[in-house]
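**Q** From first to last, the protein sequence lines are chains A and X.
Counted the way my numbering counts, the first sequence spans residues 1 to 506.
Counted the way my numbering counts, the second sequence spans residues 507 to 1012.
It is worth saying that the hints were derived from the structure and are not from the lab.
There's no promise every hint is true.
To be clear about the criterion: a stretch of chain X counts as covered by chain A if any three or more of its residues have a C-beta under 8 Å from a C-beta of chain A, and this derived list gives those stretches [to be verified]:
id, segment
1, 658-671
2, 754-760
3, 766-772
4, 822-829
5, 852-866
6, 910-923
Covered by chain X, per the in silico footprint, the following chain A stretches (three or more residues, Cβ under 8 Å) [stated by the list, open to error]:
id, segment
7, 256-263
8, 350-357
This one's a predicted model, so the numbers in the text were calculated from it and none came from an experiment.
Even for Gly, the Cβ is constructed at its ideal location relative to N, Cα and C.
Below are the chains, spelled out letter by letter.
Number of protein chains: 2
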Amino acid sequence: MKRTPIVVTILALSLAGAEAHAQSDAIRAVRSYRQANEAAIVQELVDFLRIPNVAYQSDMRRNVDALIEMMERRGIAARVLETPGVPYVYGQLNVPGARHTVLFYAHYDGQPVDPDRWVGHAPFEPILRDGSLAVGGEPMAMPADGALDPDWRLFARSASDDKSPIVAMMVALDALRASGREPRANLKFIFEGDEEAGSPHLGYAVQRYGDLLAADLVVSADGPADPSGLPTLYFGARGIVGAEITVYGPLRPLHSGHYGNWAPNPALRLAQLLATMKDPATGRVLVDGFYDDVVPLSERELAAIAAAPNDDQQQMMEFGIPEPEIDEPRLLAINQPSLNIRGLRSGWVGEEARTIVPDVAIASIDLRLVEAIDPQEQLRRLIRHIEERGYHIVSEDPDRDMRRRHERLAKVTTSDGYPAFRTPMDLPVARELVAAVEGHTGVSVVKLPTLGGSVPLYQFTDGLGIPTVGVPIVNHDNNQHSPNENLRLGNLWQGIETLAAAMLIE
Amino acid sequence: MKRTPIVVTILALSLAGAEAHAQSDAIRAVRSYRQANEAAIVQELVDFLRIPNVAYQSDMRRNVDALIEMMERRGIAARVLETPGVPYVYGQLNVPGARHTVLFYAHYDGQPVDPDRWVGHAPFEPILRDGSLAVGGEPMAMPADGALDPDWRLFARSASDDKSPIVAMMVALDALRASGREPRANLKFIFEGDEEAGSPHLGYAVQRYGDLLAADLVVSADGPADPSGLPTLYFGARGIVGAEITVYGPLRPLHSGHYGNWAPNPALRLAQLLATMKDPATGRVLVDGFYDDVVPLSERELAAIAAAPNDDQQQMMEFGIPEPEIDEPRLLAINQPSLNIRGLRSGWVGEEARTIVPDVAIASIDLRLVEAIDPQEQLRRLIRHIEERGYHIVSEDPDRDMRRRHERLAKVTTSDGYPAFRTPMDLPVARELVAAVEGHTGVSVVKLPTLGGSVPLYQFTDGLGIPTVGVPIVNHDNNQHSPNENLRLGNLWQGIETLAAAMLIE
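Excised from the complex, chain A in its bound form:
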């Protein structure tokens, strides 16, 4: 297996403290099956990727039909679950004598595309390259058979996010059966059709089809695996809620010569307000109560983080960062709620700069949440912080009279957002999943109590009371949500094994 020296080093480091496991016979058989069928496996994915899948833009029924066909061909009882938006697709495979039922989640829709920005092909015409674009990967013919290099990459919208995990699930089942094995758990599959539109119908689907979805464990196969390349399980994800703060100056931009230093400058006001929100020395958020509801990590969770590869130094190098904002390893930092200024806008800068006192200044903020923090309560804390700095808060653009009445006036608009989820790593079913994956693959996997990003899996944990674990398989450098999205084949190979191992949970 070709690897860059850096990856080899990190693998070596990360495995140094870990037990060496032996791969199980079942996974050895899965690997043999895959090695004998690499071209056909990729071809099944390519055919699936050829079907455009942008929710509310593409013909999503073609994707639905393909999913039904993929499952029925494997003896999975499949059906469409209608929603007020894009339908979900459901599948079920019962295994005699199974102790557990595992619900595998993925989404079959993809991000919108900007075809002009894709290099060398259209987003729904998959091509294979002999490496990433970053290393100058060149297009190559799709092999009809033989071995495919794990560093080759398949480029297409949803190649990684999130069609390849669906194919990996199907192939994992094929591979188990090729050696006469069946999963040890009853399998259910739920494939969402408008996840990239913000999962507007996941709550509906969970409520309406809750009986059908009943399971002991949800395995979500979305998102990238750890940059180390090791198989990864995440037991939670941060929630998110957004707020936009608009601060007001004069009703229209004023000439900065005639009015500068007299008309209030909203950009300055906004800067002074934002400056109060975080301690520059420690990176701690200064909003009262911001950390109050944080549930400390358990011993097992802290141990999992300590055992996970720490790639902070490499990332700081890659991103040109001298010091992190907060004096903690990243994997610990993402277990705290955060306040992030994602955008600032007032007047104009650069070539477009105009000598004005701007009329408004806007900051867009996202708050990431951890387990037990209520999104709306966290927003209320932020709003209270702004009020305590003398601001009168409104939710609509104020008229002249309103502006005349309040020297400090801010419009705050918020998004609904959703909470975090965190499945305790101590739960028996969680420990059984870890045992299955590590026991069968022979690899000590990366176990993250919380993913930094947000996925609305609280719908399963809070809505249906089902413990949920993420099993992401794709390469971290997959250009997710961007042009030239791609899947490293080696990640698909490993993902098939990881998901097959999850199907062997006892």
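Place chain X on chain A using the hints.
**A** Frame of chain A, contents of chain X only:
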């Protein structure tokens, strides 16, 4: 004369404390001449406005030819002053026995145009309306003769900025002569051709043609008169210099879930830096030495400000401002240097908001300067302020290594800018101008020690040592630099009288 009630009130208020003067015979004659020739006067302006005049886009020679013709027709010795860019046009009229030589300045170029945004006509096809667009003024035929209502408005690029003052100068001369009078001073005229491009050749022209331009006084007829509608003289203008500050986060925008609260957020850093620059309670700039070089206003200057109409309350109402940033009347505030954030940019806001840690945050700042403050020294003070907050300053985008080396890193780029000018109101020639204008027009004019905005007239004061006074005549609501630029005819009528009075300086 039709006026809105507000204007009547302000006029009444502003005249309340002022001496009532009698109009001189000369100005009475000027008014009679104008009243008898209103249609022809407007026609001369219309013909001039039909010649497109965007520097470096239009054929500027056509404007030059028109100016030469306008002056020669009146017996003014005219010539072209070549520069490396657009030529200047010069005129000279000697008056036997004159004590003074007055150099009248205006510019014949106009701002670039966006024809799609002009209502009902092309920018170089002037039309007359029976009022401003704000009051629903309707297009009307150009009268061939008879009286023209002073509230009618002529719409075209440069109708106010700055071709009408040129026509007003010419007509002032015609009007004086119609009653057998001549100016009391030798007149010189200098018309600039690329003022709206930033006066790139004013320094060249002043140096190259300094002997030709020698005068006792420069009268600049650019900019709008006081919103009160009263004739206005300004004896100075603030200088300006620009700075753009870029603060750095990660080399590329990072996912705020995976990296928020760990990767440094440049928008927060920038906010915290900007917040240190001004005292939120007093509006005073906190940059060390910022006010050190300010020359206090003289008794006469303070008295002139006290006598000028104070329209702060009306402007605060118009702009929806509850309190000014600084606890001073606007006319005093603009005699201080200012620091104005004219733009902020980082990431995205609103519908475009993306959940990222931005890679950079940018603030564009303008510093307005008053008499005796050196532009580059004021910039150095700002840069020192940033350095004292722990920032390493660079002037080019830093590379990864540079970013890794400095936890606080800011790129500061600056513009050359130019200094303020302030002609002491005590100077004999300044007092003689005031006496001429007030004595002849019979109106107590608004006298401003400093205009808030910036004009590079330091080229005359510092470059040639000639005291300079601004005599702006056009309406303040002229849509200067914007689509639908317009001139209120009443301002042209009044401007002819004011400029004729200035020509009678003794």
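**Q** Under the constraints set out in the numbered hints, which ones does this structure not fulfil?
**A** Hint 1 is the one this structure does not satisfy, whereas the remaining hints hold.
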